[in-house]
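Enquirer: As they're listed, the protein sequences go chains L and R. Here the first sequence is numbered in this note's numbering, starting from 1 and rising by one per residue. Here the second sequence is numbered in this note's numbering, starting from 1001 and rising by one per residue.
Please keep in mind that the hints were generated in silico from the structure rather than gathered at the bench. Mixed in with the good hints, there may be bad ones.
[Unchecked claim] Which bits of chain R does chain L cover? Going by a derived footprint, with three or more residues having C-beta under 8 Å, they are:
{"hint": "1", "segment": "1085–1099"}
{"hint": "2", "segment": "1123–1132"}
{"hint": "3", "segment": "1144–1153"}
{"hint": "4", "segment": "1184–1196"}
{"hint": "5", "segment": "1222–1232"}
Here a beta-carbon is modelled for each residue, glycine too, at the ideal position from N, C-alpha and C.
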Amino acid sequence: MKGTHRLAIRGVVLVYLAILIGLPVVFLVVKAFQHGFGPFWSQITQPEALSALLLSVEVAAIAVPVNAIVGVGAAILIARHNFLGKRAFDTTFDIPVAVSPVILGVALVLAYSRIGWFGAPLARVGIMVLFSPLGITLATMAVSLPYVLRSIVPVLLEVGTEQEQAARTLGAGRLRSFFQVTLPSIRWAVMYGITLTIARTLGEFGAVLVVSGNISGRTQTLPIYIYDDWDQKFDVLGSYSDALILALMSVLVLGILAVLRKRERKLRVDLA
Amino acid sequence: MATALDTQMPAPSRSSSRGPSGWRRLRSKLALPLLAGGGGALIVGYLSLIVLIPIAALVSHGFSLSVTTHGAGIEFWRWSVSIGWKTFWSAVTATGAKQAIILSLWLSLSVAAINAVMGVAIAWVLVRDNFFGKGLLEASIDLPFALPTIVAGVVLLAIYGVDSPIHVDLFETWMGLMLALLFVTLPFSVRAVQPVLASLDLESEAAARTLGAGGLRTFFTVILPSLWPAILGGFGLAFARAVGEFGSISLIAGGIGRTTTASYYIYNLTQGFLWTGAAAVSTALLLISLIILVTTNVLSRRFQKRTL
């Protein structure tokens, strides 16, 4: 393309991205530190904020390993086995990210809360899903379901089965061939998926808001705390400060993803 | 007399060798299906727990589905289903619900369209252009994807909110909602097009140029036709995401009727414990997303066939 066209398109793109992403992010930092570092620090170390952070981390500590194991298992089933209903099995993983998080929250309530399908029997054994950390965990597991799976399947398909078969011919058992051949070849993809899962679990808002009931200090995750600060308590500085913490986490996540992509590319070159 | 050879390689006795190897063969034949089947069953159970059962419960509540059996024993198997079309329809066509769904639809449609155009432009800059700071640009595209949605809302209000430092107050306006939706759907539109643009060969473009076509003409007649499937795919993803989006617009919408989108309307219903209405509107929204995804999928496949 001609130089002028090139410059025009570049200009339009840069202005668009500045309005949409650049300026807002810059002003988040400005607003979070508008009264200096002291107020920022006292905002993020408030007891409610810390307990919200703790709950977020606890929920992630359950949801991430479960979804990682399920993701690896399902990826092997999809990439290495044929079975009836494989397509439906594959599609089911995308449902939670394709529908609105609010809808997912409502769906969980209508299945497991007191008014839901299994409400009565669950209540009898003392399991509360609505307004409880359990509900938050279920909602978080659902929204972060497909990321590990989607990161691994393409790699498994590309690597192929030759090396696994070689290992088996050389006498390695199924477990040994999995841990010594399959897992090393997908390790960066697994890490990639886990990083995405962590980002998603720490950030989930809509589904968690519906099931959590927003009880301060008990069912508030960090995103809900940010919402509550802004919308209910009108404590804007608190929202800006904790939003900046989560934004820094996202930047860290993007950095890790970039490193993992590079490793993955190198690994494929090494294997080839 | 036993020779040295004999002691080294004892003749295999039939009974001792056949037993284990037969068992081993059986085990290895069964182990894989059992392991895969067992693991598969566990995963299907997990999927049912967190996805399938809740969605089924939602849809059945939405349509006020009720199954009644005609008694115990053999009569138990005679059952009838009643669907509450009326409750579903009145919940979905309530003034607030209708407004919210229409607002969500036209906002999402325009957002997906704007980002389809900008997505091509951004992808073109990322693939074909080169300048200082392009790496930062490349990295910033994924930020909306990695950023928690509520943080996206706070970030946008930091500059376009009530106390805007540049005096642009988009709080409780449709433009604010649109900005939030443009923000969260941007990565889908760009990343759908970028790899396809990068994989295009430059020869046909060069040919078009040699035959006298200008830059713009080359773009519209050579590059764009092969991008259509990708653009449509990105359009569908962005549209579906925008229709369901909640976190980033929850703060900007404020809470007045004019800026209540469908997902926000559903959330309001849950705050009033109006679960049947929430289920009905959710079911409608679910169907809309499904239609969007299937339609764009079919269209983009048709385009792909035509270009091949």
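Enquirer: Looking back at the hints listed earlier, which ones does the structure fail to meet?
Expert: Hints 1, 4 and 5 are the ones this structure does not satisfy, whereas the remaining hints hold.
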